[in-house]
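Chemist: These are the residues of each chain, in order.
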Amino acid sequence: MSEHHSNEQHHILSNSMAAKIFGALLVLTVVTVWVAQFDLGSLNFAVAMLVASVKATLVCLFFMGLKYDHKENTVIFSTSFIFMIIFMILTFGDLLTRGDVYVKDMSKIIPDGAVAAQTKSKYEKAWVSNPELLAHGKELFAAQCVTCHGAGGAGNGVAAAGLNPKPRNFTVADGWKNGRKASAIYGTLTKGLNSMPAFASLPPDDRWALSHYVRTLGPHESEKDSAEDLKKAGIDASGAGGGSAGEKQIPIDVAIDLMSEKS
Amino acid sequence: MSHSTTAHGDNYLNHSHGLKSWLLTLDHKRIGLMYLFVILAMFLLGGIFALLVRWELFAPGMQFFSSPNTYNQAFTYHGAIMVFMVVIPLIPAAIGNFILPMQIGAKDVAFPRWNLVSYYVYLFGLLIAASTLFINKVDTGWTFYAPYSIRTGTSATLVLMGAFIMGFSSILTGLNFIVSIHKLRAPGLTWDRLPLFLWALYATSIVQVLATPVLAITLLLLILERTIGIGIFDPKLGGDPVLFQHFFWFYSHPAVYIMVLPAMGVISDVIPAFSRKPIFGYKAIAAATFGIALVAFVVWGHHMFVSGQSEFANFVFSFLTMLVAVPTGVKVFSWLATMYKGSLRMDTPMLYAFGFLFVFTIGGLTGVFLAVVSVDVHLTATYFVVAHFHYVMVGGTLLAFLAGLHYWFPKFCGKMYNEGPAKLAAWLIMIGFNVTFFPQFILGVLGMPRRYADYLPQFEQLNRVSTIGSWFLAVGFVLVAWNLAKGLKSGVKSGPNPWGALTLEWQTPSPPPHENFLKEPVVTEGPYEYRGEKALMGSNA
Amino acid sequence: MAQGTGSVSHLDRHHAHHFKSGHEEFEACKQGMWIFLVTEVLFFSGMFVAYAVLRVFYPDMMHDVHHHKLLDWRMGALNTVVLITSSWTMARAVSSSQRGEQKNTVGFLWATLLLAGVFLVVKYFEYSHKIHEHILPGAQYAYEGLTTAKVPIFMSVYFVMTGIHGLHVVIGMGVIYYLIRRAKRNEFGPRYFTPVEMTGLYWHFVDLVWIYLFPLLYLVG
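Chains as they are written, first to last, in our numbering: chain X, 1 to 263; chain E, 1001 to 1541; chain S, 2001 to 2221.
For reference, chain X alone in the conformation it holds in the complex (with noise of 0.2 Å):
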């Protein structure tokens, strides 16, 4: 808003600077193609990357002239990039960190597209309580239920007052629609049931852990599972292992390469 009525004022590219930037710019492309010659590894991409911003800064301040501009513009152009980093910053935050959660070494893809859970288990019979088992149960309630069943199990968690019907009490025996059974609440877990969704994304030995510690947390007398319960909760008693029904949840990215292949 001032009231110097001068484009003079404006300052002027020199011929002899542009001609310098001119010259730099072209060494600089005569030195990023020399250097992309050798296989440095990942150090080509960071040369790359430096030069080619070299070169940048320079076309910026001089020939685009920000050097002798308004601070004003320089912040304003600025910006854009930070804005992109944020961009690929909270992206990658997504696409890097997608394996961890889900089932690692679910790699291999059964032919007729199920997916096989090949999460070998760390129990002989993980349907059988014991205490690493239990241990283990304890940790992942405290990370996955307490939201809604409440710390102690009582079905008051602070999430439970939007729920209805009211999150299951553990702590008391009555009421349990599925029955108290371990491979009933490994049912439920594995199925979700009214609000409560299902946890089939937790490794069946997780859920199993799960079931085990649920049950500790209300009167001792509920009953044991009887092999054909085992049967219907997928598990062949005679058999070693987690047991699996079959996975029905599967990584984003097993799901894209599994689309490519059968196409």
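If you are wondering where the hints come from, they were derived from the structure by calculation, not from laboratory data. Any given hint could turn out to be false.
Calculated lysine-lysine pairs in the DSS-like style (CA-CA distance at most 25 Å, straight line) [claimed, not checked]:
1) Lys1423(E) - Lys1341(E)
2) Lys20(X) - Lys2020(S)
3) Lys1423(E) - Lys1519(E)
4) Lys166(X) - Lys177(X)
5) Lys71(X) - Lys125(X)
6) Lys71(X) - Lys2020(S)
7) Lys2103(S) - Lys2069(S)
8) Lys1283(E) - Lys71(X)
9) Lys166(X) - Lys125(X)
10) Lys224(X) - Lys191(X)
11) Lys1107(E) - Lys2020(S)
12) Lys1519(E) - Lys2103(S)
13) Lys2130(S) - Lys2069(S)
14) Lys71(X) - Lys20(X)
15) Lys1236(E) - Lys2130(S)
16) Lys1489(E) - Lys1423(E)
17) Lys1341(E) - Lys1415(E)
18) Lys20(X) - Lys125(X)
So these bits of chain S aren't anywhere near chain E, every CB distance computed over 12 Å [what the hints assert, rightly or not]:
19) Met2075
20) Glu2126
21) Leu2136
22) Arg2181
Ideal Cβ positions, reconstructed from N, Cα and C, are used throughout, including at glycine.
Given chain X, work out where chains E and S should sit, using these hints.
Modeler: Chains E and S only, in chain X's frame:
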């Protein structure tokens, strides 16, 4: 006041005559009104689709639509029209275009010709997208998620092109506003005297400029995906459909703030004017405006909690999303503190502002619920989400727009509407809105999924209530339209400043002269230096 | 963005009515141009993210592309030199117009236009070679020589990036030609050179994008 009458005066409405003088005008005021006209027409169209959708949901089974497919098309049009053609340009392009240059004390925006170009680009994109109503329709939902949007046999390509083109209009408007605010402020209008409506438009424009280009490339890639199969998003070709969601929401989440920031700006101007008190926390509100604009860019992943996005990203986005509540809270408390011990006048704009505070706060708080991943897993794609974003967009943006429309109506045409019907309409809209959308929160918690033409019998009662509410809402809007049309035709003269407001646009005749001010205004104090009831009664400025 | 208003009469040009001075108008136009360039950067950012995804997750595929010489770095290098030279001629055109050297202005604008044409011709040879070999984007890819997974997507990224960039070159050529016509009518000089300077900014930006595209696509494998 330099001029109290415009009876003989030249104003922007009688400055030149004929249809051509409007269609080729470079006057920001006329362009603003032309935007308003088209946007309201589209609002009517989008509203009709909304009513049809609600009618369909009046009872289980099919009521109105011949098949679930046509229902899908109806809600797609409702969403796409309302988002891209109505709510995004509503306040900036229509009211902002009219008011911004006047509030900075300028004769026009920085680039009047680009302003007109922006209008026609918008219109062109709109016509292309709307043409699909007659050619094969579209059924992707307004989010165009891949891979369905790649496969659908409907005219998705045309709609994508339309949205792509409208994006240019949005960018041009934002660019114009930023440069205008930087370069064209009147003498004395320092940054700390800038009305908060301008701060809001300024932040909105920055978001528009930074986010819209990413939508453009996203839509372009999707068009290429449909036409030649480039495979970047198409899982069949080895692409990643979740990457599409990242691209899409990088724009579309900030777009939510493009919708709501100007609304907050309107409220920040209306509340002090009708409380006769300086605004509380001017700097805090201005800073919060920028806080929201910035956070807008780092929270998009909360739309993708169940998309297959990694849990680490869920955690990060959940945390960042909750940050939005901080600047928003700062604003809400500042508005309340402004009203505290003020001399409140419950004129129609203030009535809408109250409605905004009530409804928007509910919308904002339910947003915090949805930011919690474990709760969101349960509520995603249910009516809870539908209710939440309608509380923010309709309850927030639309109510603020109506507040602004009633506030600046006398400035637009120099005449006054009838207070009685205006207030009645405000109540009808408030009641209708809450009756329509509050039950949807409950439906969502009970697990009713969105985007289905049919539902289980146990949801019938609440859906019926919701549908009846939508009728109230419709009657309210019709009443607003009728009342304002009547005011336009035969309203009493309003005088230059019926509200005794202090921002610059009120210090010039209504309707304003062709060049806005009879002589260049000089600003000597802040925009909200109200000193009690008296300022309203006596002479102002 | 290089819009003036109304008729331009040689050196004593009137600024638009809502600006206080020609200087203010010039500064506003320039800022508008910079903001426009911001939108351009973010427009390209989507493609850079798509590229980064391929680079991070499929380094072997990128290596194969490089190894099989799907893209000829000599063509890319030639075009880099052409564009850098055109950037220099553009910078000279701008400074010439600021000094009121009309002949030089016109001459350097012609040189820029010519170099832009050369760039497109080289691009045409690259494209036609690829079309001939069926080294095409995504679903269209049918090159027998390299069948590594995701190569078709890399080709998509290549074609979209260079295609959009090429479109910018074409648009720039149109604007430069328009400038030449105005410069011939002696419309630019020390007191009014806004359109030349704005087009200059745009053209340098087009160069800027290519400065990154060249190493990313052609050089690093």
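Chemist: State for each hint whether it applies.
Modeler: Cross-check of the supplied hints:
no.: 1; hint: Lys1423(E) - Lys1341(E); result: 23 Å, holds
no.: 2; hint: Lys20(X) - Lys2020(S); result: 37 Å, violated
no.: 3; hint: Lys1423(E) - Lys1519(E); result: 36 Å, violated
no.: 4; hint: Lys166(X) - Lys177(X); result: 13 Å, holds
no.: 5; hint: Lys71(X) - Lys125(X); result: 69 Å, violated
no.: 6; hint: Lys71(X) - Lys2020(S); result: 22 Å, holds
no.: 7; hint: Lys2103(S) - Lys2069(S); result: 44 Å, violated
no.: 8; hint: Lys1283(E) - Lys71(X); result: 24 Å, holds
no.: 9; hint: Lys166(X) - Lys125(X); result: 33 Å, violated
no.: 10; hint: Lys224(X) - Lys191(X); result: 21 Å, holds
no.: 11; hint: Lys1107(E) - Lys2020(S); result: 10 Å, holds
no.: 12; hint: Lys1519(E) - Lys2103(S); result: 43 Å, violated
no.: 13; hint: Lys2130(S) - Lys2069(S); result: 11 Å, holds
no.: 14; hint: Lys71(X) - Lys20(X); result: 24 Å, holds
no.: 15; hint: Lys1236(E) - Lys2130(S); result: 23 Å, holds
no.: 16; hint: Lys1489(E) - Lys1423(E); result: 19 Å, holds
no.: 17; hint: Lys1341(E) - Lys1415(E); result: 31 Å, violated
no.: 18; hint: Lys20(X) - Lys125(X); result: 76 Å, violated
no.: 19; hint: Met2075; result: 22 Å, holds
no.: 20; hint: Glu2126; result: 18 Å, holds
no.: 21; hint: Leu2136; result: 8 Å, violated
no.: 22; hint: Arg2181; result: 19 Å, holds
When each numbered hint is compared with the structure, violations occur for hints 2, 3, 5, 7, 9, 12, 17, 18 and 21.
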